[in-house]
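S.K.: Below, each chain spelled out in residue letters.
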Amino acid sequence: MLLKENLSDSHLEENLVIFTNILRKEGLPISSSETMDALQSLQKIDLSSRENFKVTLQATLIKNYRDRDLFNTIFDYFFAPPEVHNHGEEQTAAYKKRCADKIKQAGNELTFKGEPLQLTSTELAQYSTLTSQQRERLQAFMHKTESGVNVNEPFRPILETVVKSHLRYCRSGNRQDENTGSSPGGEPSKAMAGGCGSGSSANQDYLSEMDMQSITARELPEVEQIIQRLSKKLAVQILRRRKKGPRSGLIDLRRSLRDNLRYGGIIFKIKYKPKRRDREQILLLCDVSASMKKYSAFVLQFLHGLREAVRDLSCFSFSDELENMTQEIKKRGSIHQILEHVIHRSETWGGGTNLGMSLQLLRTKYPDLLNRRTTVIVVSDTRTIALDHAVDELSRLSDRVGRIVWLNPLPREQWVEHRSVQTVAALTEMWPCNTIAQLDEVLAGRL
Amino acid sequence: MNLTLADLKKGFKEAGYICDDSTALTVFLTLELKKPLLIEGAPGVGKTEMGKVLAEILHTALIRLQCYEGLDETKALYEWNYQRQLLRIQMNRNLEEEQVKEEDLFSEQYLLERPLLKAIRALETPVLLIDEVDKCDPEFEAFLFEILSDFQVSIPELGTVQANQIPAVVLTSNNERELSDGLKRRCLYLYLDFPTVEEEVEIIRAKVPGAADRLAWDIARVAANLRRQGDLRKKPSIAETLDWARALVFLSKKRLDGKLVSETLNLILKTRADQDFFKAEIGSQGIEDILKQGKDGG
Chain R
2 MLLKENLSDS HLEENLVIFT NILRKEGLPI SSSETMDALQ SLQKIDLSSR
52 ENFKVTLQAT LIKNYRDRDL FNTIFDYFFA PPEVHNHGEE QTAAYKKRCA
102 DKIKQAGNEL TFKGEPLQLT STELAQYSTL TSQQRERLQA FMHKTESGVN
152 VNEPFRPILE TVVKSHLRYC RSGNRQDENT GSSPGGEPSK AMAGGCGSGS
202 SANQDYLSEM DMQSITAREL PEVEQIIQRL SKKLAVQILR RRKKGPRSGL
252 IDLRRSLRDN LRYGGIIFKI KYKPKRRDRE QILLLCDVSA SMKKYSAFVL
302 QFLHGLREAV RDLSCFSFSD ELENMTQEIK KRGSIHQILE HVIHRSETWG
352 GGTNLGMSLQ LLRTKYPDLL NRRTTVIVVS DTRTIALDHA VDELSRLSDR
402 VGRIVWLNPL PREQWVEHRS VQTVAALTEM WPCNTIAQLD EVLAGRL
Chain V
286 MNLTLADLKK GFKEAGYICD DSTALTVFLT LELKKPLLIE GAPGVGKTEM
336 GKVLAEILHT ALIRLQCYEG LDETKALYEW NYQRQLLRIQ MNRNLEEEQV
386 KEEDLFSEQY LLERPLLKAI RALETPVLLI DEVDKCDPEF EAFLFEILSD
436 FQVSIPELGT VQANQIPAVV LTSNNERELS DGLKRRCLYL YLDFPTVEEE
486 VEIIRAKVPG AADRLAWDIA RVAANLRRQG DLRKKPSIAE TLDWARALVF
536 LSKKRLDGKL VSETLNLILK TRADQDFFKA EIGSQGIEDI LKQGKDGG
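Residue numbers (the numbering used here), protein chains in the order written: chain R, 2 to 448; chain V, 286 to 583.
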């Protein structure tokens with residue numbers, strides 16, 4: 002039981018500070034001024050209403066709707082109903098001991114290379130309340146990850162992030178299944194326990210942070226929804242930037258007058274508002290070799306959502322050949338059917354990779370697409386046969402286009418281990434991109 | 286502003302703004318704390334309407350600043366009346382008087398108030414609605430910090446202008462881009478979702494009194510179902526369902542059916558792609574099923 006004494010007495014301030022600290026530990030950015038706002042607000046409401054109390058804290062402390070699930074979970078656990086608080090000291094002590102034992106056991110089970118993962122006690126408590134099936138599944142995933150090729154110590158933070166996301170996912174899923182608040186008997190709310198649902202914002206966060214390669218068929222519909230939402234959001238931003246705004250080379254009257262006052266108001270020097278940048282031309286090159294085709298499919302889905310915002314969009318797939326997919330990707334309709342059609346007629350999907358040959362074909366067959374306004378986005382792990390030829394072609398491409406943005410699904414930590422990555426990174430703007438969140442971030446910053 | 290929570294709830298009801306208790310409480314707290322209220326939510330859930338209704342409840346003026354990309358302080362805060370300044374310079378020259386001084390030109394009489402300055406200098410507490418703040422540039426968002434935290438603005442030529450009355454500020458955002466932590470920290474936060482079927486029925490009853498009970502329920506059910514369709518580009522807003530209800534009342538309709546929905550589709554689905562999606566995935570038969578389910582479910 003985390004709450005100190007009753008809410009209605011002088012412990013309110015203290016409890017509020019403890020509560021906000023827990024929220025901060027869970028990653029919610031809560032400033033001191035917001036805590037002060039919460040305290041001031043509580044003085045304005047009827048504290049006997051639990052609902053009002055909750056709404057007040059939510060309005061003053063939570064400034065992102067995605068954080069509401071997490072807030073509700075912690076609130077229900079922290080501000081448990083009075084009957085929970087009325088349990089005897091013995092029960093409380095026994096419960097605390099049970100919790101401590103479970104947390105200890107969780108710490109022993111969640112390890113990487115024999116060392117415990119860096120998780121907070123709340124996260125360990127969440128893990129301990131998962132069902133045995135869920136715990137086994139998470140352990141199996143960790144074991145599989147641990148025994149992977151080239152998986153060493155630098156991989157630890159990535160694994161920690163995945164485990165944390167998974168715990169958030171389970172917690173949020175459980176919230177969806179729950180109709181009641183805290184469970185009776187002083188046990189942690191079931192909201193802190195296992196059970197994975199879908200559709201919540203935390204669940205979407207989890208899927209956005211998941212390696213695209215690991216996304217299962219069951220999770221695909223929700224992932225597609227996320228991609229659709231993100232690409233729609235980005236499309237709106239791109240379209241807005243393209244509209245002719247007031248800065249499009251108009252006279253800046255204010256600055257002109259101010260600068261010309263010294264000449265008695267006669268305009269000698271006209272000051273202009275800065276012009277906007279010209280719209281770019283996007284050329285997408287997707288590596289659809291066996292190891293890359295899943296990543297490329299997700300990137301294509303994303304770009305399909307942008308097809309109307311990015312008018313000059315060209316899409317190519319490559320493995321040991323180059324194929325133009327522009328017309329298909331620009332079509333309206335279900336991306337499933339479009340991808341199915343592309344894969345069905347394609348001779349490149351699932352083959353080996355010959356980057357050099359593909360770039361050479363691009364240069365010779367589609368020279369009109371390559372100019373200084375073109376941004377080339379390549380989705381590839383850089384693994385290719387004939388690396389020297391690829392580097393030579395990449396260098397030529399780099400001279401002809403505005404820039405090359407390379408989305409590499411390999412984690413940044415692993416780049417040093419691959420000569421091809423280092424060579425390509427020297428010629429392009431390379432970004433690690435194996436999750437949907439990373440894809441959104443990179444594209445939002447570049448388009 | 287001596288307004289109790291009960292008064293506020295009553296005010297919302299009288300203004301025909303149907304909202305739950307948590308929304309009313311959040312608005313009440315923003316008024317009590319004199320803090321800005323940031324409202325986020327999908328387009329068409331009633332964010333802007335909140336500002337208008339609040340002005341109505343408080344019997345005060347609504348000052349609206351519509352944000353857009355490229356909005357700067359000359360459009361939002363103040364601008365100098367350049368034509369008048371030039372005239373003054375010219376007049377002085379013709380009269381061969383002493384050269385006009387800069388401080389004479391940058392004085393109150395040449396100042397053009399824009400919404401933010403107008404709200405700050407208002408003698409009676411106004412409601413300042415900063416609409417679609419997510420559409421403005423991050424630089425302008427940072428510029429709002431000073432106003433929203435201290436309710437004062439700095440005009441280089443005149444100095445700092447303090448608010449006569451702290452305005453009730455409502456900021457709305459469609460959440461198209463993430464707002465900065467600094468801005469969020471200065472506001473209380475409210476997320477408005479689309480109404481439940483029951484709430485929407487109440488809204489229709491309040492705003493379209495001529496709508497038959499059955500028709501209101503049918504419209505609310507169909508609208509709720511369409512909003513659940515992930516593939517729709519633009520989900521029907523509350524204003525659109527109200528327009529739809531008004532049109533159906535005008536056509537003397539007492540209930541919906543699949544054919545009628547297909548015929549009046551233009552009123553709720555405003556893009557060709559969405560209409561095609563409706564025809565392909567839902568159609569008249571889908572509407573009949575939705576209405577039947579609603580009827581069976583009471």
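A couple of the hints might just be wrong.
No farther apart than 27 Å at their CA atoms in a straight line, the calculated lysine-lysine pairs in the DSS-like style are these [as the list claims (entries may be wrong)]:
no., chain 1, residue 1, chain 2, residue 2
1, V, K555, R, K45
2, V, K298, V, K420
3, R, K274, V, K403
4, R, K270, V, K360
5, V, K298, R, K331
6, V, K420, R, K233
7, V, K298, R, K45
8, R, K234, V, K403
9, V, K555, R, K234
To be clear, the hints were calculated from the coordinates, so they are not data collected in a lab.
Predicted model only: the values in this text are computed from it and were never measured.
S.K.: When you check the alpha-carbon spacing of K298 (chain V) and K420 (chain V), does it fall within 27 Å?
M.R.: It is violated: about 31 Å lies between the C-alpha atoms, which goes past 27 Å.
S.K.: Does the alpha-carbon distance linking K234 (chain R) and K403 (chain V) stay inside the 27 Å limit?
M.R.: violated (33 Å)
S.K.: Assess, step by step, whether the Cα of K420 (chain V) is no farther than 27 Å from the Cα of K233 (chain R), and give holds or violated.
M.R.: holds (15 Å)
S.K.: Does the structure keep K555 (chain V) and K45 (chain R) at a Cα separation of 27 Å or less?
M.R.: Violated, at roughly 44 Å.
S.K.: Mind checking the alpha carbons of K555 (chain V) and K234 (chain R) for me, to see if they're no more than 27 Å apart?
M.R.: This hinted pair holds, its Cα atoms lying about 18 Å apart.
S.K.: Holds or violated: K270 (chain R) with K360 (chain V), Cα cutoff 27 Å?
M.R.: Distance ~23 Å between K270 (chain R) and K360 (chain V) Cα, so the pair holds.
S.K.: Are the Cα positions of K298 (chain V) and K331 (chain R) separated by 27 Å at most?
M.R.: Violated: K298 (chain V) and K331 (chain R) sit about 48 Å apart, past 27 Å.
S.K.: Holds or violated: are the alpha carbons of K274 (chain R) and K403 (chain V) at most 27 Å from each other?
M.R.: holds (26 Å)
S.K.: Please verify whether K298 (chain V) and K45 (chain R) have alpha carbons no more than 27 Å apart.
M.R.: With Cα atoms ~22 Å apart, K298 (chain V) and K45 (chain R) stay inside 27 Å; holds.
When each numbered hint is compared with the structure, violations occur for hints 1, 2, 5, 8.
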